[in-house]
Amino acid sequence: MDKFTKLTGTACPISQSNLNTDQILPARYLKWTRAMGFGKVLFHDLRFDAEGREKPDFPLNKPVWHKSTIVVSARNFGCGSSREAAVYALYDFGVRCVIAPSFGDIFAGNAVQNGLLTAVVTDQEAAEIMESLAQMPELPVTVDLDQQIILSGNRTYKFRIDPIRRMRLLNGWDDLALTENYRDRISAFKVEDKMKRPWAAARGQL
Amino acid sequence: MNQPQTIIDKLWSAHEILRRDDGESLLWVDRHYVHEGSFHAFGKLAERRAEVTEPGLTFGVADHYVPTRGSRRNVANPELARMVRQLEENCARHGIKLFGLDDPRQGIVHVVGPEQGLTLPGLLIVCGDSHTSTHGALGAYAFGIGASEVAHVLMTQTIWQKNPKRMRVSVDGVLPSGISAKDIVLAIIAAIGADGATGCAVEFAGSAIRALSMEGRLTLCNMSIEAGARCGVVAPDAVTFAYLKRRPYAPTAAAFEQAVEAWSQLATDEGATFDHEVALNAAKIAPIVTWGTSPQDALPIDASAPDPTRESNPERAQYLREALDYMGIAPGKKLTEIAIDRVFIGSCTNARIEDLRAAAAVLAGRASKVPGLVSPGSSLVKRQAEDEGLDRIFREAGLEWGESGCSMCVGINGDLVKPGERCASTTNRNFRGRQGPGARTHLMSPAMVAAAAVTGHLADVRELLGTRRA
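Heads up: the sequence lines are chains A and B, in that order.
The first sequence begins at 1 in our numbering and counts up by one.
The second sequence begins at 1 in our numbering and counts up by one.
Think of the hints as simulated: they come from the structure by calculation, not from any bench.
Since the structure is predicted, the reported quantities are computational estimates derived from the model, not experimental observations.
Please note that the accuracy of each hint is not assured.
[Unchecked claim] Cut-off 20 Å, straight-line C-alpha distance, at most; resulting in silico cross-link-like pairs (PhoX-like, lysine-lysine):
1. B/Lys44 with A/Lys31
2. B/Lys10 with A/Lys190
3. B/Lys10 with A/Lys194
4. B/Lys369 with B/Lys418
5. A/Lys6 with A/Lys40
6. A/Lys62 with A/Lys40
7. A/Lys67 with A/Lys6
8. A/Lys196 with B/Lys10
[What the hints assert, rightly or not] Cβ pair distances, simulated, as ranges:
9. B/Pro371 with A/Met167: 49 to 57 Å
10. B/Ser213 with A/Pro163: 53 to 61 Å
11. B/Lys245 with A/Val191: 27 to 35 Å
12. A/Asp184 with B/Arg210: 36 to 44 Å
13. B/Ser177 with A/Met167: 25 to 33 Å
14. B/Gly56 with A/Gln135: 58 to 66 Å
[Unchecked claim] Sample of chain B residues at the chain A side, in silico, Cβ under 10 Å:
15. Leu18
16. Ala41
17. Gly122
18. Thr158
19. Ile225
20. Tyr249
21. Ala255
22. Pro437
23. Leu464
In this text, a Cβ means the ideal position worked out from N, Cα and C, and glycines have one as well.
Start from the sequences, fold in the hints, and give me the full structure.
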């Protein structure tokens, strides 16, 4: 997994709240493999009309935001389905950070597994950043994970992220490598647990 | 004396292998369910040439891509056939028991798990599907995970988690007649919002919850994710134990009795505290329908759609305008005046036998004014419904009696609501395009969907039940 330390880039405001993973990546693309390019179908039904033409009103379609590496949005970004491909779509499009007042739990977990930063600010701050981007769309935004700050114009915002997730992103840690260190503890737990909870074992195959 | 504990604490500590200094815990996974969508994770295993560490604790179910209309002997669509075959191959390669397309026990994973007694109280259960929260109805700690985590569980049978906040939602009092678990959970989501339980594990408690059947509790926990919850749980009790007795994979005889003793200890101790408490009065819950594009956009059936011009908060007004516009509903329109184009009865939320009975009770002797599909939650539910003659009631009402799968809830098997069509649905998500591009979804209970079918518009089922009695 790629590390995330500091990023300066174009930020695209998408002001809808509860932007769920069905909007980020419609379910009909879930049978795709990653090699097929989830980035081109990111926000598909919001970005394109029924004939496949770009909807000019959708922020990501405005030329200035076409190559955004940061998305700023409203509450409960990524709620809904657990599809990790929603994160793949954002990442493969080029987005490395989403700034929002809150995130769906599963989405935020999937994000950290793939090096995508979910930065939590207040409703007010998210609205402010989106407003300043509406005024000055090309204004670069800097997200510094080490300092946990966002720089937007002359404003600085402190953002929140779970300290564990922060460490993982900063170091590019992989869950599996981490777990390997605890193989013995897992085996010991398994033995003890079998005695404590004999009923938890699945009965033989039927 | 020990500190009083919540059921959430008890479930958590029973599975905690270790806790790192940074506060993250490695948890043991008792059951891992996989489905066609798990192919990303199996791909990660293949890349690493890794094996499934506990195939005996892993179970496959074909549900997301299986056809639910017409013959299933030959899956006509090659893409769907490939998805189903891919799951079969992955399960076969790793020695995972599969409830596949031709298995008489096949169904939606969140229906099959409890039905087979694979889901038990006190277990930690994961699946690469957000509605895994369903299994909490039996007193399990169950939650949805992403593909990377699915791969991690396949390879280690463990998962890293941070201890969640505890929330208790208490629903006390007696539910009025015609009101079901779906109405309770939509009322809860409307009250706390679609992110009201984010970061929390939720215990559902109170006399109205205790009075729910197992099917009702499954519906309730199923939709806890729609309030953002990590998981939902109901303490196991006599209802749970009676449900589990003689389920194929549940413990038997003396082992069952021992298990019941252990499961009975799981309930929240008196005096245990929660981070958040929410209380609802069951007697005040009316039949609820959604009008918008989030499950929190839910109102009692006798209400009217919101009017953005009466909303003082400009952002909220904008949200209302966009949702109403997508749904094609005039501001302030009475909900009972909203005409529908089709109905769907199915999904992991509301396709168990009780749900089908509730819908059939309204439809019996009546005709549906719109087309619709009934997709039973599992192939066993389908057989039982046919034994009870429910299929005949649905067919005689003019609805299609289909096969079991995720079907029109998410539409990836090809069963879609057409663009612009309005569907009264027993499912869990009224997101834009969820049932197909441009589809307009109204969530409600099975009885309420049946009421909408026979009237051709959103309707109060209590009035139909009333006329039946007279």
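Here is what the structure says about each hint:
A C-alpha spacing of about 15 Å is found between B/Lys44 and A/Lys31, which places the hinted pair at or below 20 Å, so the restraint holds. Using a Cα cut-off of 20 Å, the hinted pair B/Lys10 and A/Lys190 holds, with the two alpha carbons roughly 18 Å apart. Straight-line distance between C-alpha atoms of B/Lys10 and A/Lys194 comes to about 17 Å, which keeps the hinted pair within the 20 Å bound. About 17 Å separates the Cα atoms of B/Lys369 and B/Lys418, which keeps this hinted pair within 20 Å; it holds.
The suggested pairing of A/Lys6 with A/Lys40 is violated, with an alpha-carbon distance near 25 Å, which exceeds 20 Å. Our distance criterion of 20 Å between C-alpha atoms is met by A/Lys62 and A/Lys40, whose separation comes to about 15 Å. A threshold of 20 Å between alpha carbons decides the hint, and for A/Lys67 with A/Lys6 the separation of about 18 Å falls inside it, so the pair holds. With a CA separation close to 14 Å, the supplied pair A/Lys196 and B/Lys10 stays within the 20 Å bound.
A beta carbon spacing of about 54 Å between B/Pro371 and A/Met167 agrees with the range 49 to 57 Å that was offered as a hint. Against the hinted window of 53 to 61 Å, the Cβ-Cβ separation of B/Ser213 and A/Pro163 comes to about 43 Å, which falls outside the hint. Against the hinted window of 27 to 35 Å, the Cβ-Cβ separation of B/Lys245 and A/Val191 comes to about 29 Å, which satisfies the hint. Between A/Asp184 and B/Arg210, the C-beta spacing of about 43 Å keeps the proposed range 36 to 44 Å intact.
The beta-carbon spacing between B/Ser177 and A/Met167, approximately 54 Å, falls outside the hinted interval of 25 to 33 Å. Checked against the given bound of 58 to 66 Å, the beta carbons of B/Gly56 and A/Gln135, roughly 60 Å apart, stay inside it. Interface restraint check: B/Leu18 against chain A, minimum CB-CB distance 5 Å, threshold 10 Å, status holds. Because the smallest distance between the Cβ of B/Ala41 and any Cβ of chain A comes to about 9 Å, under 10 Å, the interface hint for this residue holds.
Against a cut-off of 10 Å between C-beta atoms, the interface hint on B/Gly122 holds, since the closest Cβ of chain A lies about 7 Å away. Against a cut-off of 10 Å between C-beta atoms, the interface hint on B/Thr158 holds, since the closest Cβ of chain A lies about 6 Å away. At a threshold of 10 Å, the smallest CB-CB gap from B/Ile225 to chain A is about 8 Å, leaving the interface hint in force. Among the interface hints, the one on B/Tyr249 holds; its C-beta lies about 5 Å from the nearest C-beta in chain A, closer than the 10 Å criterion.
For B/Ala255, the suggested interface contact is upheld, since its CB lies about 6 Å from the closest CB of chain A, less than 10 Å. A least Cβ separation of about 6 Å between B/Pro437 and chain A falls short of the 10 Å threshold, and the interface hint therefore holds. At its closest, the beta carbon of B/Leu464 sits 32 Å from a beta carbon of chain A; the interface hint therefore is violated under the 10 Å criterion.
Hint compliance for this structure: hints 5, 10, 13 and 23 are broken, all remaining hints hold.
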